[in-house]
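Peer 1: Single-letter residue listing:
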Amino acid sequence: MKISQKESLVRAIPVLMFLLLCAPSAFAHPQKGEAVGFLTGFRHPISGLDHVLAMVAVGLWGAQLGSPAVWLLPVAFPMVMALGGMLGLMGVPIPCNEYGIALSAILLGAAVMFEAKPPLGVAAALVGSFAIFHGHAHGTELPPGQSALLYSVGFVIATGSLHALGIGIGSMHRWAWGQKALRVAGGLVAMGGVFFMWKAVA
Amino acid sequence: MNNGARCRLPLYAFVGFASMMWTTPAKAHLNSTGMGPFYDGLVHFLLSPEDIIPVLALALLAGLRGARHGRRALFVLPIAWFVGALDGLSSVPANAHPFLAAAWFLLLGGLVAADANLSLRTMTAIAMLLGLYHGYLNGTGMGQSLSVMVILVGLVCGVFVLIALTAAFVVRLDASWTRIAVRVSGSWIAASGLLMLGWAVRGGGSA
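Protein sequences, first through last, are from chains A and B.
Following my numbering, the numbering of the first sequence begins with 1 at its first residue and continues without gaps.
Following my numbering, the numbering of the second sequence begins with 1 at its first residue and continues without gaps.
With the rest of the complex left out, here is chain B:
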C-alpha cells in the first residue's frame, strides 16, 4: 500500500462507519415484508415439510424407476397440484388429516424402501392423487384474493423444480450403494410415517 492510500485510509474508514450508522432496514425478509405473491407461493411450499417430504419421496420413487417414470411424475404432479388447488379455492380452510398425512409417508416411503417395480400407470395414478390431495389442502387456505393465481403458480413451480432436480439426480445414480442410500432414505420416511400414525392415534401433536 503506498503512502497516499495509507493517509486516506482513516477517511475511508470514517465514511464507511458513518454509512453503516445510517443504514435503514433492508426489508429483505419474507415475514416482515413479503416477497410478492409468486415467492409467497414458492416459499410456502419450501417451508412446509408436510408437502415437501411426500414430493421428495415421489421423486425418489420415480427416479429409481428410471427416466420415463421421472418425466411422467414431473408433469403429472404439478398439474394435479394446480387443479387440486383450484378446486380447494372455493372450499373452507382444511388441515391435512393426521392419518392421511401418515399414510402418504408410509406408502411412498415404503415403496421407495422396497424399490417397488411400479408400472407407469400406477406411478401416474399415485402422482395424480398426491397432487390433487395436497393441492386441494393448499388451495383451501388461500382465500379469494386477486393474487391467488400468482401464488399458485409460485407454489406449483416449487413442486416442479423439486421433483425435477431430485428425480434427475436419482435417475443418474449408477453405483449400487447410491441406490441403497436412496432406499434407506425411503425407509426413514416410512418410519416417520409410522411414528406420525402413533401420534395421530394418541391425539396431541400437530401434523
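Excised from the complex, chain A in its bound form:
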C-alpha cells in the first residue's frame, strides 16, 4: 500500500466512526423471548462439562465402531435424552441421577479407551440408558417462561452438534496415530467421569 493511500485510510476512520455513531436501530431483531428460548436451549447441553464429555464420547465411540453405529448411536442418544428430559419436566423422579451422569462419562470413556466393540444392540442400550440420566437432569433444570418449541429445538441441535463434534474428532481413527490419540481422549473422558463421580459422592 502506498503512503498516500494509508493516510487516506487513517483520515477515513474518524468519518466512519462518526457514521457508525449516528446509525439508528435496524429493527431487525426477533421478537423478545423467542431468541432467548432458542439460545437458552442451545446453551444448556454445552454448559456442563459432565454432559459435554459424555456426548462427545458417544460420537468418538460411534466413529470407532464404524457404520451403522456411527449414526445409530447419535440418533439414539438425543431421542432417549429427550425422553429423559420429558420425564424431568413432568416431575418423574430418577434416583442417583448425578451418579448416572458421572458413570456415563466413566464407562463411555473406558469404551473409547479400550476400543470396546460390543454388539450394536448392547452399545445402543448402554448409550440410551445413560441418555436418560442426562436428559432428566436437563429437564428438571429447565427455566420457566421460555418458548417450549424454540428451547427444545435449540437443546436438541446442541446435543446433536456435540455428537457430530465427537464423530468429526473420531474420524482420525483411520490413521494409526489417530487410533492412539482417540484412546488417550477416551482415557481423559473417563478421568473426567471419575472426577465428577468423586464430586457427586463428596
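Hints were generated in silico from the structure; no laboratory data involved.
Please read all numbers here as calculations on a predicted model, not as lab measurements.
Glycine included, every Cβ here is placed at the ideal spot set by N, Cα and C.
Some clues are possibly wrong.
What the hints assert, rightly or not - Chain A is faced by these chain B residues, among others (derived, beta-carbon under 8 Å): (1) Leu11; (2) Arg179; (3) Ile180; (4) Val182; (5) Leu194; (6) Trp199.
Once you have looked at the hints, place chain B on chain A.
Peer 2: Chain B alone, transformed into the frame defined by chain A:
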C-alpha cells in the same frame, strides 16, 4: 489514479458525506412499515417455527419416498392449508394446542427417522391433515380485512416454495450417508417433540 481525479477526490468525499448526513429512514423493515399483505403472509409463515418445522419434516418424508410422493405433498399441503385458513377466518382466534403441536413433531420426525415406507394414500392423508390444521390456526388470527385473501396467498406460496425446494433436494440425494443425514434430522425433530410434550404436561412455556 491521475492528478485530475485525485484533486476531485475531496469534493466527491464531501458530497458523499453530506448525502449520508441527510439520509432519511429507508422504511424497508417489516416491523416498522409492513411489506404489503402478500409479504405479510409470506413472512408470517417464514417467521413461525411451529409452522415451518412440520412442513419441513413432511417435505423430508415425501422426498425420502421419491418424486411421486413429493409431487403429491407439494400440491395437497398448500391447497389444504388454504382451505383450512378459509375455514378459520370465521372462527375466534385460537392457538396451537401444545399436545397437538408436540404430536405433529413426534409423528413426522419419527416417520422421517424411521424412513417409513408410507403409501401414497397415507402421505396424502397426512399432508391434508397437516395443512387443514395449521391453515385453520393461521386463518383464525387473520380477522376479516379486505387484504386477508392476499395474505393467505402469500402464506400458501411460502408453504409451496418450502416444500418444493426441500422435497426436490431430498429426492435427488443418492449417497447413503445423505439419506442418513436426513433421517438424523428427523430424529432431532422427534426429540424436540418429546421435549415439547414434557413442557405441555408441566405447563408453562409457550408452544
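Peer 1: Hint by hint, say whether it matches the structure.
Peer 2: Status of each hint after checking the structure:
1. Violation of the interface hint for B/Leu11 is found here, the shortest Cβ-Cβ separation to chain A being roughly 14 Å, above the 8 Å cut-off.
2. Because the closest C-beta pair between B/Arg179 and chain A is about 10 Å apart, greater than 8 Å, the hint is violated.
3. With 8 Å as the threshold, the beta carbon of B/Ile180 comes within range of chain A, its nearest partner Cβ sitting at about 5 Å, so the hint holds.
4. A cut of 8 Å between beta carbons decides the hint on B/Val182: the least distance to chain A is about 11 Å, and the hint is violated.
5. Residue-level restraint check for B/Leu194 holds (minimum Cβ-Cβ distance to chain A is 4 Å; threshold 8 Å).
6. Restraint check, B/Trp199 versus chain A: the minimum CB separation of about 4 Å is within 8 Å; hint holds.
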